Structures are given as C-alpha cells and as structure tokens.
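Colleague: Single-letter residue listing:
Protein chains: 4
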Amino acid sequence: MSLLTEDAKGVYVIAVTPFKDNGELDLPSTDRMVDFYLEKGASGLTILGMMGEAPKLTADESRTFVRRVLARVAGRVPTVVGVSAPGFAAMGELSASVMGDGASGVMVAPPSTVRTDDQIISYYRMVADTLGPNTPFVLQDFPLSTTVQISPQVILKIVENQSTCVMLKHEDWPGLAKITALRKASGAGSRRISILAGNGGLFLPEELGRGADGAMTGFGYPEMMVDVCKTFAAGDAERARDIFDAYLPLARYEQQPGHGLAIRKHILAKRGAIASAAARKPASALSNADIAEIESLISRQERRLKEIN
Amino acid sequence: MSLLTEDAKGVYVIAVTPFKDNGELDLPSTDRMVDFYLEKGASGLTILGMMGEAPKLTADESRTFVRRVLARVAGRVPTVVGVSAPGFAAMGELSASVMGDGASGVMVAPPSTVRTDDQIISYYRMVADTLGPNTPFVLQDFPLSTTVQISPQVILKIVENQSTCVMLKHEDWPGLAKITALRKASGAGSRRISILAGNGGLFLPEELGRGADGAMTGFGYPEMMVDVCKTFAAGDAERARDIFDAYLPLARYEQQPGHGLAIRKHILAKRGAIASAAARKPASALSNADIAEIESLISRQERRLKEIN
Amino acid sequence: MSLLTEDAKGVYVIAVTPFKDNGELDLPSTDRMVDFYLEKGASGLTILGMMGEAPKLTADESRTFVRRVLARVAGRVPTVVGVSAPGFAAMGELSASVMGDGASGVMVAPPSTVRTDDQIISYYRMVADTLGPNTPFVLQDFPLSTTVQISPQVILKIVENQSTCVMLKHEDWPGLAKITALRKASGAGSRRISILAGNGGLFLPEELGRGADGAMTGFGYPEMMVDVCKTFAAGDAERARDIFDAYLPLARYEQQPGHGLAIRKHILAKRGAIASAAARKPASALSNADIAEIESLISRQERRLKEIN
Amino acid sequence: MSLLTEDAKGVYVIAVTPFKDNGELDLPSTDRMVDFYLEKGASGLTILGMMGEAPKLTADESRTFVRRVLARVAGRVPTVVGVSAPGFAAMGELSASVMGDGASGVMVAPPSTVRTDDQIISYYRMVADTLGPNTPFVLQDFPLSTTVQISPQVILKIVENQSTCVMLKHEDWPGLAKITALRKASGAGSRRISILAGNGGLFLPEELGRGADGAMTGFGYPEMMVDVCKTFAAGDAERARDIFDAYLPLARYEQQPGHGLAIRKHILAKRGAIASAAARKPASALSNADIAEIESLISRQERRLKEIN
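Chains as they are written, first to last, in full-length UniProt numbering: chain A, 1 to 309; chain B, 1 to 309; chain C, 1 to 309; chain D, 1 to 309.
Hints listed in this document are in silico derivations from the structure and should not be mistaken for laboratory results. Keep in mind that this is a model prediction, so the values were computed, not measured. Each hint should be verified, as a subset may be incorrect.
To be verified - With a straight-line Cα cutoff of 27 Å, these simulated BS3-like cross-link-like pairs (lysine-lysine) come out:
id: 1; chain 1: D; residue 1: Lys178; chain 2: C; residue 2: Lys270
id: 2; chain 1: D; residue 1: Lys178; chain 2: A; residue 2: Lys157
id: 3; chain 1: A; residue 1: Lys178; chain 2: B; residue 2: Lys270
id: 4; chain 1: A; residue 1: Lys9; chain 2: A; residue 2: Lys281
id: 5; chain 1: B; residue 1: Lys157; chain 2: D; residue 2: Lys281
id: 6; chain 1: C; residue 1: Lys157; chain 2: B; residue 2: Lys157
id: 7; chain 1: B; residue 1: Lys178; chain 2: A; residue 2: Lys270
id: 8; chain 1: C; residue 1: Lys178; chain 2: D; residue 2: Lys281
id: 9; chain 1: B; residue 1: Lys184; chain 2: C; residue 2: Lys157
id: 10; chain 1: B; residue 1: Lys281; chain 2: A; residue 2: Lys178
id: 11; chain 1: D; residue 1: Lys184; chain 2: A; residue 2: Lys157
id: 12; chain 1: B; residue 1: Lys178; chain 2: A; residue 2: Lys281
id: 13; chain 1: A; residue 1: Lys281; chain 2: C; residue 2: Lys157
id: 14; chain 1: B; residue 1: Lys178; chain 2: C; residue 2: Lys157
Stated by the list, open to error - Reference listing, derived: stretches of chain A covered by chain C, where coverage requires no fewer than 3 residues with Cβ under 8 Å from a Cβ of chain C:
id: 15; region: 52-63
id: 16; region: 288-301
Beta carbons: idealized from backbone N, C-alpha and C, even for Gly.
My request is simple: use the sequences and hints to build the entire structure.
Modeller: Next comes the structure, spelled out in structure tokens:
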C-alpha cells in the first residue's frame, strides 16, 4: 500500500470495531463495514482509534482485526492505525506489525502526563524515533480526551523536527483559530501537512473554510462528511452547509460523551453495515427512549434531505 | 419577590454581565439586557453564573450588578443568583446579601474536591445549612466544568435531605438518562423538583421529552429556547423540533468551549441588547473569520426561520 | 502455587523490571532481583505494577518476565501480578495467562473514568466476573494516580459483593482514617481482608498501628519495611519507629513523583540487585547532583543504623 | 514597609488564619501567632495562602485579618499576601488594598486553565499589568495543586518580561532539577530572583544545596526550617541535616493532603501560638488516633533533639 502523505484529503472514517452479540470479534461484519464506508465515499479508513474500542481488544485480536481490514480494503484507500500506547516498546511493536501488514500510516495521541511545550515536542521526537523513518504518522490533537493542550507553535515545531509527521487530526474543540494559524504558517514557509478535522464533524463547514483538507472522524452517516467535503471543494459552500444542516441534529445527538459509540453502532447496525450493535464492556447501552429519539431524528433527517434535493 | 419553587418552568436565561469597552460595568446596558431577555419571553433570569463572568467582578461590583438587575426586573420574573464559592463564609455572605436585595433563590455548584457520594451529599448539607431555611437553592450539576459526577441516587438523596433544594440545573452532558431516572423516582414518591436544562440548549427537545421543565442556559437568541419550550408544552413536538433545528447551527457554534462567551456577547451587542461585546480578561477575542462565520450563520438562520413560518 | 488469601501479611515488594543498558529485558538480573528481595525478607512479590514499567513492555515481554519471576520464586512466596487494563478482554487474557503460569493473585486499579460510588462498585463486579471465581484479586486504591476516590463504604461493598477480593493495596495518601474505618467494620462483622500499605512505606508505622497487615510497595532498602513490620508485630512499636526513622530521609527522597523509579533503580543497581539502572523511555535520568544526594543520604543512613543497633 | 526584593532569604512562614471555636476570626490569636513566628526566627510572613484558608474568608474578614497581621508585624519583617483570584479585577483590588495597608509584596498562582507555555507567560504578563509597577510579586509554582506545569524556560521568560517578579515559591514536588536549572541560568546572565522552597520543608536540605535561598512554607515547628537554613548558611550541611532529620517524622506526618491543616493547627494550639485549632468548614477533624500519633511523634522528636544537642 502507498504511504500516507501530506497531500491526504477527503474523509478518513474512524471505523468502529464490530463484535458479535456474544462479544467476539465479528470478522464478516468487518468486511461489510469496510465495504459500507468505501461505498459511502471514504477516502481512507482509520482503525483502532479511541472510538474503535482499541483498548478493549487483546493484542491478538488487534492484529487479527487490522489484517482483516487491510485485506478487505486491498489498497483501494489508505488505512491509518491508532498506535497510541503508554510505552514506546508496545507502540513500536504495534506500528511495525501494522505497517508490515500494509497500513499506510499510524496515529499517535500524547499521554496526559506530557504538559509543557518542551515535553510535547520531546515526546513526538521519541515517537518519530520509535516509528522509524519509513512510517508516516498522524498527530492526534484531542485535548478534551488527553488533557494535553498543544499550541500552534508546538505543532509547527513538531512538523519542523519530524519529517514523518504528515497529518494533524484536529480535534481541539473546535479550535478554528488553530487551523487558521497553521495555514497562515504554511503559507509563510512552514511545511504544509494535511489537516483532517475530528469531533464528529460538528464543525466541518467552518473547518473546511479555515483550511482543513477534510475530516477524520466517525458518524453513522459518513456520507454527510463526504458530501460536505466534495460540495465545499467544488466551490459551493452554501450548498455544503445545507447538507451539513440536514444531518446536524443527528450528528449532535451522536456526539454525546460516553454514549456516542452506542448510538453510532446502533445506526450502523440499522443500516446493515454491521450485524450487531454490541460493544464490549465497559459500555453504555441504549434505552428505549434513546432508540425512539434516534428513530425520530433519522426520519426527520430523511425528510429534510428530500427537501434540499 | 416571591421565592423560587419546585414548580418553576420555562426559560431562565443565564445573563451575561455587560461591560463598557474600557472594562467597567455597564449599568445602562444591564437595564437594556434585562428588558431584552424579558421581551424575548424569559420566565426567569440567572445572574453571576459561570458564563456571567462572576469571578471577574469585585465583591462591590457583584453587589452593584445584582441590585441593578433586581431593580430592573422589579419582580416581574424570579431572579436566581450564582453563589458558588470555595468557602461557606463567602457563600453565606453573598447569599444573604442577594436574598435581602430581592433575589428568588441561589445556585450552587460543587467544588472539584468533593468526589465520593457521601462527600457530595455532605457538601450540600453544609450548603443548605449555610444558606438557611428561607433560601431556595438550585443544584448545578455540571461535570464537564466541575469534574464532579453526581449520580441520580445522590441527587435524590440531596432532594430528600434538603427541603430548600428546589431545582436541578441539569448540565451533565447531556445526561438524558439522568432526567429519565429522576422523573421516574418522582413518579414513585420522591419529592419532585424543577429540572431546567443547560448546555446552551443543544439537547433541549430531547430534554423536554424526558421530563425537563425548561431550560436554564444562555444563547444569543433566547427566543429559540422560549419558543421550543412553549411549542413543546402546547403538544407540538415536531414543530418544536423545527424551530430548534433552525437555530441549531448557530447554537452549536456558540457552544465552543472557551470561546462561547465572546460569540454570545457579540450577538447580543449586534442585536442591541448590550452596548459592547467587551469581556474582562482573561477573555478570548473574535477574529474577522469568526465574525464572518457568525454573520453567515445568522443569515442562514433567518432564511430558515422564514421557511418554517 | 497457593493462592493469595485474606490472611496475607508482611511485605510484598513491588518489584522493578530490570533492563539492560540497551533497553532489553535483563533476565539474569530478574533472577538476581528475586533472590535479593527474598533474602531481604519479602513475604511476597508484586510485579507489573505502575512502578514496574508494565506499560512499557510488549505483551510478549510481559509474559516472559512474569514466567521468569515465577520460575525463580518457585513457590517460595506468593506473587501478585498487576493486570489493570483499559478493557476487560486484555485484563482477562493477561490474568488467565499469569494464573496459569503460577501467580497467586492479580491486582486491579480502577480507570479514571469511574467516579460515582455505583460506578466503582459496578466496575469491580465486572472485574471479578472477568477474572473468574478462582482468581483472588487485590483492590488497588491509589487516588493520587487514578484520581478515583473510593470511600470505606464502597470498599466494604466490594468486599461484600466479590468474594475473590482478598486484599486492599492501601495507597490513599495516607488515609489512616480509612484503615481505621475498615478495621472497625471488620470487627463488626464485615469480612476481614488483608490490608497492605503503599506510598513507599512513608507512613508504615502509623498504618500498622491502625491495623494494616504489612506493606505492598517498593523501596531500594526493602529490609526497612520488613524490619519495621516484624518489630511492630513483636510488640515493640518504639523500636519499629527507630528503624523507620533511620531510613526515612532516603525513603522520602525516593518518593519523588516522576523521579522515584530512577532513584530506586540506581540504589538497587548499586546494591547489586540488578545489573543496570536503565529504565525505558519515557524515563527521568539522574544528574550528578541527584547521585551525590543519594550517596550522602545512604552514608547518613548507615551511620544512623549503627547508632540504633 | 519596605518592598520585597530579589535578595529575600530565610524562612517566610506561611501563616494559618486563627479562628475561635465558634468559627469567628480570632484577632488576639492573630497577634500571638505573629509573635510566635517572629520569636521562632521567621524572616517574613506569608498570609492568605492556600493553607491560610483564604477562600473561606469573606472580603471584609480578609481585609481585617491582613490589617491585624500588618499592624502586629509593624515592619519588623516583610509580609507577603496571597492574591490569587479567578479574575483580575478582584486580584487587582485585593492587591491594591493590601499594598496600601503595608504589605511588602503579593503572591500569585496560575489558574488551572492556563496550560501551554505561551498561556502561562501571557497570564503573568496580565498579572504584572494588573498589580502595577510598584508591587513586587511571588510566582507560586505548585503543580500538585494547580495542575499547571511551568518549565524552567517559562519561569526565566517571566523573570525576563516582568521586572516585578522577584521571587519563586518553589513547590514543584520537589523539583530539585528546576532549582539547579534556574540557578545555572542566573549564573549565565538571567536576572537572579529569590527562590524559597515549599512542600512543608520536606526537601529543604536538598533545596538549599541546589541554590534555594530559604523556605516559604508552614510547619507546626517553624524553628526547624529556621535552624536548618541558618546552619546550612553557616556552612555546616551535615549539622543542618541532623536537625532536619530530627523533625522529619513529624513534618512528614503534617504533610498529609487534606489533613495537614488540622494537624498544623493542633500543634500550634498545643504550643500556645493560637487559642483554638478550629478550622472553617469544609475541614477535616482529628480523631483520637490522630492525636495520639501526633503526641507520640512530638515526644520522639523532643528526645531526638536532645540527643543531637
């Protein structure tokens, strides 16, 4: 597979990890899910992310799942694998394994223990050394989860120091000013890397307007992000916003902390992308009231989409 | 002024604190803002909340501002005053002062140092003792900000123990299951208190569906919350959602952590509710890109409101 | 190997993980370290704990290290293995593996995401289910690191619910009142479990006085804890304090957050327990000034020990 | 009173705030306490610090207490007042008030919301602007409490930018390497400010060895810190350590998080420095077991002090 580069754009869907009702990895659903995401227009996939229940897999399961995804993708789009780990030995081992299996790059978030600018810069120097010169990596900037605040200057320093840092997963909420600052810097000579936006796409129109190259996040309707990105790229920002607005009520609902994964898996199962909405413990479960709200939001969404088409 | 009771419903707007461009309290704007909120249909006001820049006021300024608001409200609606404080002496002093000035009740969030169920229950026992038997209070449940997780059982215990606890400001994000659990308990004999939803109203339709009595939060267009609550109370949940959806893109934008107050004040100033959007340091400022995004969202919102009316 | 029981007492040393200077696992030093701890009087060993650099090992390395330790211990004392993990699949897999290899029990700290009393109780129910009915476990109560506050009532509830919970690693700093409350409860009919104290032994005399059964922690001079526990058990509390006081200046120095492991490994290497003080990245390194301070503390400690003997 | 300068050295005792048993400010005890600290050799006093229960006082009480202390000190030593506040209006008002009353300087810790290097540097620029050019200030670096990590480079930048920053209250636990880095920088041309160590003096010998000018912290026996500093300054580091070691068991005991203030006030009351050990709610209370442990530690301390004298 070709490696991830600074030119990456479009929508890299953060994939879920499908389980059977009994909690086992569901490999046939893994195939179906890959097909589903690609049919909806994904430009890439990201697996073993925080919403991918990576920490709930055993090491063997992780390997099995990664291989299954890569085999099904079969090089049609790049696949990024989350390899964040508390220690570099495990990170290096996982990274070498998935790159050997055909991944296009890996993604690393900082541990909550790095705080000062220098600590963050040093951490990513160790990350780059651990991954080696042939493994492109994505810097995941997600302070709501990591509690690590990374300033634009620090990102630029990491980009300057580490030539294998080719992408920013932008998840500082929403951090529009950060995108503007980074794009201004790359306009002024700093190496330009890809910026894909996170946060469930809830700020996608504004992020694209500020210079993001697309999105790397999840949503039960990934076609929203694909259509918004394409329409925006085609120059019709108002139309892109119309599409975005139609999906926003459900996207907002899916973004509930601690509950979003259950909602996303419910929608994906309902849409046939996976066989079961089961998540591994600890996991939240949907109540009847939750499900009724989701149904209502979906039917309103469908109605609204018809109105604008 | 009549005191806050368990029957409170509707929209209690979290008011901003208006400053002049030079940073001084703007008392004429305070009057105008009160009028604005009441014209838009507020059932009550809440002042000196977290978004009210309370910690940036001196003790004298707090007193001056509270008196000005109460004088302008003149008993037309209840006014709740935030009195959260690291110590009970200051909390008791502020509470006695504002109740003496005519406030209807006070609001208290727990400090981040209380963690276990017992610590939270004990804390609110001390709160109730400090406030005294004649001061109704609002329990502010806002874990994203306080880091204190309060389970439904703990809320019910506080309600049982403290007869002066008459309202929950529900800001567990979004914590729909918590509303359901509390309403089920009050159906089964627990004292029923008012539940008003927070979080900028971003989950208002669902919260009303679960049993909330209204909202206590801020937004540059408080009429959204008023109209949604009224329409929902009138039995037209779909119409309430139509209204909600029309405002959602801007409401979402205004809910940016660390940036929302600047956006809200910009909108309020633009709408003539206050003279200046100035906030006291430390404060974020809007860039030209921010302002252009707000303008675009407002014009789209106006168009959409016309379509549904 | 016999299983860990509620009657465990004495000193369970939290073992380090020895590495060579090049960062590889040092298996010969692992043998030497085991011998060293047992010679110094350890009643048990605990491996793969937070100070054991467990997160820096690959899954294979963890397995290799555990097997090497268990082989060397050869059933002379019980060995506890830390199996805390973000997900139950990995926890269950590691636990089954080490119990199969001959461990006597496992230790589990709660993730920082569980906060309310009910969440903590539920979490340990899932832990016990995951580990199964034949795996005794240690509840690690270490709020300074986990940010999870566990009240005595919650611990008692876990003890009541989960018969496989046989020990508390007490590391609420120093939480003397918690030991008193737990011992009062076990005097009043609650199942009595073993309580071993942590925090580098810095409150060991007081913890023993409150009812702790010993210590489970690390220190470059584990004989301090052994001698204090033995002397205390023999009824000579003042003599136990004399011993404790002699070691306290160095024990205090070793307890520096973020720096303690480097100090401990330096001392162990100096004493011949391991070949190299190397720690895996990210790791702090000792400066010349640090080393001079350690040398000075050791020589003063030796002098003081002579005075009291 | 003369202003605080970069040449400050010795022991600035963090004073408690004395209350009567009924919770009122105890002004006669305030006088007695000031006398006690000065008799024990304090080079300065610091009031309204975190351990001074500042947040539990009303604004009026703070003013009354500060004036009483300043009147009793009567210019014999410098007095520093803690003015940390969530907003600059309150900070500026309190600072102007206490400097007008005769304080020698103020102390400011950063709020937990500032995280990146730039945010910290900007925050202290706003602090210096708020305090004005005639108010020397102490930078309080206490990450365990504030969660803000300040690197040596950031401290040096603040020192460079803000000429009124004259002292570092060093409470990064224990952060010996930070003192070394700062002293190396001041040897190389950076403006040299005073560094006084915190953390209950638990690392005082090492901190002095690294270049600290003394201590700014509290302990029921402030003469320990005074004697250690004087003996160290006189060139007898081993003798300074002997004194330190004699007090260490009790100093360690007093440093229990959340419990230390109750212990300190108990000792001060026992020694006659204040009339009552009462602390304002929320406060921990000593059990009989706690008191017995303190008594035992004090009698051992007295015995040991005799042995070394």
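Colleague: Hint by hint, say whether it matches the structure.
Modeller: Verification of the supplied hints:
1. D/Lys178 <-> C/Lys270: holds (26 Å)
2. D/Lys178 <-> A/Lys157: holds (24 Å)
3. A/Lys178 <-> B/Lys270: Holds, because 26 Å separates the two Cα atoms, which is no more than 27 Å.
4. A/Lys9 <-> A/Lys281: violated (34 Å)
5. B/Lys157 <-> D/Lys281: holds (21 Å)
6. C/Lys157 <-> B/Lys157: The hint holds at about 19 Å.
7. B/Lys178 <-> A/Lys270: Distance ~26 Å between B/Lys178 and A/Lys270 Cα, so the pair holds.
8. C/Lys178 <-> D/Lys281: Satisfied, since the Cα-Cα distance of roughly 20 Å is no more than 27 Å.
9. B/Lys184 <-> C/Lys157: holds (26 Å)
10. B/Lys281 <-> A/Lys178: holds (20 Å)
11. D/Lys184 <-> A/Lys157: Roughly 26 Å between the alpha carbons, so the hint for D/Lys184 and A/Lys157 holds.
12. B/Lys178 <-> A/Lys281: With Cα atoms ~20 Å apart, B/Lys178 and A/Lys281 stay inside 27 Å; holds.
13. A/Lys281 <-> C/Lys157: holds (21 Å)
14. B/Lys178 <-> C/Lys157: holds (23 Å)
15. 52-63: Result for this restraint: holds, n = 7.
16. 288-301: violated (count 0)
Checked against the numbered hints above, the structure breaks hints 4 and 16 and satisfies the rest.
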